[in-house]
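Protein sequence lines, in the order shown, are assigned to chains A and B. Counted from 1, the first sequence has number 408 at position 189 by the working numbering; the numbering is strictly sequential. Counted from 1, the second sequence has number 448 at position 229 by the working numbering; the numbering is strictly sequential.
There's no promise every hint is true.
Remember, identical chains collapse to one label, so a pair may be satisfied in a single copy or spanning two.
To be verified - Distance condition first, Cα-Cα at most 20 Å in a straight line; then the derived EDC-like pairs of lysine to aspartate or glutamate:
no.	residue 1	residue 2
1	K385	D342
2	K389	D344
3	K229	D371
4	K386	D342
5	K538	D453
6	K282	D499
7	K525	D332
8	K282	D371
9	K221	E479
10	K304	E226
11	K538	E479
12	K310	E226
13	K491	E472
14	K466	E307
15	K491	E324
16	K265	E396
17	K296	E479
18	K265	E233
Think of the hints as simulated: they come from the structure by calculation, not from any bench.
The lines below spell out each chain.
Protein chains: 2
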Amino acid sequence: MKNIVEEILKAKKEAGGIREVYFVACGGSLGAFYPAKVFLETEGVKLKTGWYNSNEFVHNIPKSFGENTVLILASHKGNTPETVKAAELGKERGATVIALTWIPESPITKFADYVVEYSFGEDKDIGEEKTMQGLLLAVEILKQTEGYENYDKFMDGVSKIDLIVKKACKLVRRRAEAFAEQYKNDSVIYTIGSGAGYGAAYMECICIFMEMQWIHSNAIHAGEYFHGPFEITDREIPFILQLSEGKTRALDERALAFLEKYGKRIEVLDAKELGLSTIDSAVVDYFNHSLYNNVYVVYNQALAAKRQHPLTTRRYMWKVSY
Amino acid sequence: MKNIVEEILKAKKEAGGIREVYFVACGGSLGAFYPAKVFLETEGVKLKTGWYNSNEFVHNIPKSFGENTVLILASHKGNTPETVKAAELGKERGATVIALTWIPESPITKFADYVVEYSFGEDKDIGEEKTMQGLLLAVEILKQTEGYENYDKFMDGVSKIDLIVKKACKLVRRRAEAFAEQYKNDSVIYTIGSGAGYGAAYMECICIFMEMQWIHSNAIHAGEYFHGPFEITDREIPFILQLSEGKTRALDERALAFLEKYGKRIEVLDAKELGLSTIDSAVVDYFNHSLYNNVYVVYNQALAAKRQHPLTTRRYMWKVSY
């Protein structure tokens with residue numbers, strides 16, 4: 220990432236450098252960019268950032284989109300039509316286009332100035348997966364433009380996350396089985412999260428429960444929960460709550476305290492218990508997403524098996540035209 | 220608004236003017252700021268903007284929050300603790316604090332440099348309600364800093380919106396009754412929206428269906444629908460779809476075409492049919508929210524009556540401690 224950002228800054232020196240970083244993708248790929256967006260929103264001073272569904276972006280292009288923009292896209296197979304279109308637009312407007320994809324020779328790479336591959340699959344290195352590559356780009360851009368005082372701490376976190384996640388996945392295996400048994404007949408399961416980890420709650424909601432299991436869901440923001448959504452709470456409705464590590468943990472704790480009083484069927488994913496606290500507190504917020512997103516996989520596999528509804532089942536996606 | 224922004228710019232001249240505009244609130248008040256956030260994201264070039272739940276904001280303060288920030292808050296009764304806390308923080312950090320509230324002598328006003336009241340209730344003027352006051356602040360700030368070429372068109376829209384909304388509410392009265400009859404026994408109802416109007420879908424989901432009717436819901440972004448959520452579609456599940464006027468209408472049309480093929484129980488709110496197109500196409504996107512948010516009221520009243528579940532019913536909000 221270091222070299223990519225150095226090259227961009229060199230190429231854009233005359234034109235005024237980097238002013239905006241837009242993260243544009245669809246569904247799970249968009250969710251994977253959530254921590255990077257929160258990172259730049261929180262740590263950046265002058266840099267503008269945006270986080271858009273690709274089709275929203277190409278239909279309603281921000282006025283500032285142009286040669287000072289770094290457009291960071293993700294498409295797993297590199298062929299999501301709306302995201303390829305965004306890449307094409309980026310090229311037309313003189314933006315720097317960076318495409319994250321698992322398939323390096325895919326359609327999106329035609330319009331990309333840089334192609335970043337990521338680790339994926341059973342044996343992936345969590346420090347090199349999609350979410351982390353997006354974050355690393357954001358961190359490197361901030362460091363080389365405005366500076367980022369916690370850069371070394373962040374890189375230390377990157378070096379630790381793979382082991383933390385793999386231990387955590389082992390730790391939840393039994394409780395994931397129990398969860399699957401208890402919730403296999405539910406038609407609604409909510410997720411709750413906050414901070415940079417909220418993206419994992421969003422992905423679990425739309426990609427797993429809704430898409431892969433046909434279970435109704437909503438990713439409720441832990442702070443927003445008390446301003447509407449909490450009224451649906453009762454002793455029947457299940458919630459998965461991300462008790463995150465870092466600055467917004469207080470929001471999650473408040474939601475949990477309420478749920479423990481008025482709800483009953485609550486699955487808590489506690490980042491502290493799952494080992495995330497070995498990462499420095501100045502940067503730990505940005506690692507919640509990777510932890511949750513991967514721990515969920517253990518739950519998802521158990522749930523799919525128990526429900527006899529494989530995670531690969533679709534009725535529309537890739538099957539009909541849309 | 221003109222005078223407020225002139226005064227801010229005068230006061231902040233030495234310090235470097237306005238660099239960030241943050242919209243911070245909870246639940247419905249946060250939803251009401253959605254069009255203003257999209258406006259600045261889309262039309263602004265240098266100005267940074269952010270849209271935060273108040274509790275998220277006060278726990279994870281952006282580094283750029285300070286004397287060059289305009290912090291725009293909303294709290295209906297002016298006493299939402301998290302939002303009052305955000306106002307206090309704004310004061311401490313030297314930001315300009317603007318509080319939108321219905322009750323001018325409320326706790327939040329203690330920390331506000333400016334208090335903006337808005338029209339509310341049965342006979343409210345839509346051109347002066349909360350959403351529009353937030354938008355007007357955004358428009359005025361952009362005009363007086365970077366300039367906004369469509370300012371006059373926007374103000375023309377503001378002068379038209381009250382009549383458009385009131386006609387639309389009459390137009391949907393009968394179909395709202397039919398909707399209430401058809402959906403009175405449903406336990407899940409989804410909303411779908413895009414663009415600056417998405418905030419209305421969010422508010423309907425969290426404030427009405429979940430909070431006031433205890434119906435499960437999720438506000439699905441029309442572009443994201445095809446990347447996960449659409450898999451829950453079948454001929455039983457109800458959707459309310461906002462067919463918006465403006466640049467992202469194509470996204471809504473795509474979702475509608477799919478729903479018409481694979482779903483059955485779809486209520487369409489078509490902004491074109493409801494009269495929004497008399498507003499200039501350069502600015503019309505930003506008026507969808509006000510139209511939907513008010514047309515929903517007709518549906519909500521009909522649904523609540525038919526379900527014998529008054530919109531004022533709560534089990535937790537303002538009743539227990541949380």
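Going down the list of hints, with the structure as the test:
1. For the homomeric pair K385 and D342, the shortest alpha-carbon distance inside one copy (10 Å) is at most 20 Å, but the shortest distance between copies (59 Å) is not.
2. For a Cα distance limit of 20 Å, the shortest separation of K389 from D344 inside one copy, 16 Å, qualifies, whereas the shortest one across copies, 58 Å, does not.
3. Taking the shortest alpha-carbon separations for K229 and D371, neither the intra-copy value of 23 Å nor the inter-copy value of 41 Å comes in at or below 20 Å.
4. Within a single copy, K386 and D342 get their C-alpha atoms as close as 14 Å, which meets the 20 Å cut-off; across copies the closest is 60 Å, which misses it.
5. Proximity of K538 and D453 under a CA criterion of 20 Å is satisfied inter-copy only: 15 Å between copies versus 37 Å inside one chain copy.
6. In this homomeric assembly, K282 and D499 come within 20 Å of each other (Cα to Cα) only across copies, at 18 Å, whereas the closest approach inside a single copy is 38 Å.
7. Proximity of K525 to D332 under the C-alpha cut-off of 20 Å is found in neither arrangement, the shortest distances being 45 Å within a copy and 57 Å between copies.
8. Within a single copy, K282 and D371 get their C-alpha atoms only as close as 35 Å, which misses the 20 Å cut-off; across copies the closest is 19 Å, which meets it.
9. Taking the shortest alpha-carbon separations for K221 and E479, neither the intra-copy value of 46 Å nor the inter-copy value of 48 Å comes in at or below 20 Å.
10. Taking identical chains as interchangeable, the C-alpha atoms of K304 and E226 are never at most 20 Å apart, the minima being 24 Å within one chain and 43 Å between chains.
11. Proximity of K538 and E479 under a CA criterion of 20 Å is satisfied inter-copy only: 17 Å between copies versus 42 Å inside one chain copy.
12. Within a single copy, K310 and E226 get their C-alpha atoms as close as 17 Å, which meets the 20 Å cut-off; across copies the closest is 41 Å, which misses it.
13. In this assembly of identical chains, K491 and E472 lie within 20 Å of each other by CA distance solely inside one copy; the values are 12 Å within and 44 Å between copies.
14. Taking the shortest alpha-carbon separations for K466 and E307, only the inter-copy value of 19 Å comes in at or below 20 Å, while the best intra-copy value is 38 Å.
15. Proximity of K491 and E324 under a CA criterion of 20 Å is satisfied in neither setting, with 40 Å inside one chain copy and 43 Å between copies.
16. For the identical chains of this complex, K265 and E396 are neighbours neither inside a copy (47 Å) nor across copies (50 Å), given an alpha-carbon limit of 20 Å.
17. When the C-alpha separation of K296 and E479 is checked against a cutoff of 20 Å, the pair qualifies neither within a copy, at 42 Å, nor between copies, at 29 Å.
18. For the homomeric pair K265 and E233, the shortest alpha-carbon distances inside one copy (18 Å) and between copies (18 Å) are both at most 20 Å.
Taken one by one, the earlier hints fail for this structure at numbers 3, 7, 9, 10, 15, 16 and 17, listed in ascending order.
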